[in-house]
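Participant: Letter by letter, the sequence shown follows residues 1 to 63 of the numbering used here.
Keep in mind that the hints are not guaranteed to be accurate.
Computed list of lysine-lysine pairs in DSSO-like fashion (alpha-carbon distance at most 27 Å, straight line) [stated by the list, open to error]: (1) Lys58 <-> Lys31; (2) Lys31 <-> Lys50; (3) Lys31 <-> Lys53.
Listed next, with one range per pair, are the computed distances between beta-carbon atoms [claimed, not checked]: (4) Gln33 <-> Ile57: 19 to 25 Å; (5) Ile7 <-> Ala27: 31 to 37 Å; (6) Phe56 <-> Ser12: 15 to 21 Å; (7) Asp60 <-> Asp35: 19 to 25 Å; (8) Pro2 <-> Asp60: 24 to 30 Å.
By construction, these hints were calculated from the structure, which means they are not laboratory data. Ideal placement from N, C-alpha and C gives every residue a C-beta, glycine not left out.
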Amino acid sequence: MPFRACIIGIASASLMTLALLSQADPAHYYKWQGDSRIVCAQASPGPGWKRLKGHFIKADCSI
1 MPFRACIIGI ASASLMTLAL LSQADPAHYY KWQGDSRIVC AQASPGPGWK RLKGHFIKAD
61 CSI
């Protein structure tokens, strides 16, 4: 019986942790400039890109 209670305790703790993690805010978007192009992305599109503005909530970098 103690083993079964331990398993149930671990399972319920894992479920509570997953529930808390699922409530995290989404990542922000930023405007990036590379050569003559400007894009909106959550992370750098690659080498040579410079972050201009941020942080935005929407994927089109609007407020």
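Participant: Are the hints correct? Go through all of them and say.
Facilitator: Now the hints, each set against the structure:
no.	hint	verdict
1	Lys58 <-> Lys31	holds, 11 Å
2	Lys31 <-> Lys50	holds, 9 Å
3	Lys31 <-> Lys53	holds, 5 Å
4	Gln33 <-> Ile57: 19 to 25 Å	holds, 20 Å
5	Ile7 <-> Ala27: 31 to 37 Å	holds, 35 Å
6	Phe56 <-> Ser12: 15 to 21 Å	violated, 38 Å
7	Asp60 <-> Asp35: 19 to 25 Å	holds, 21 Å
8	Pro2 <-> Asp60: 24 to 30 Å	violated, 56 Å
The structure is inconsistent with the numbered hints 6 and 8, although it conforms to all the rest.
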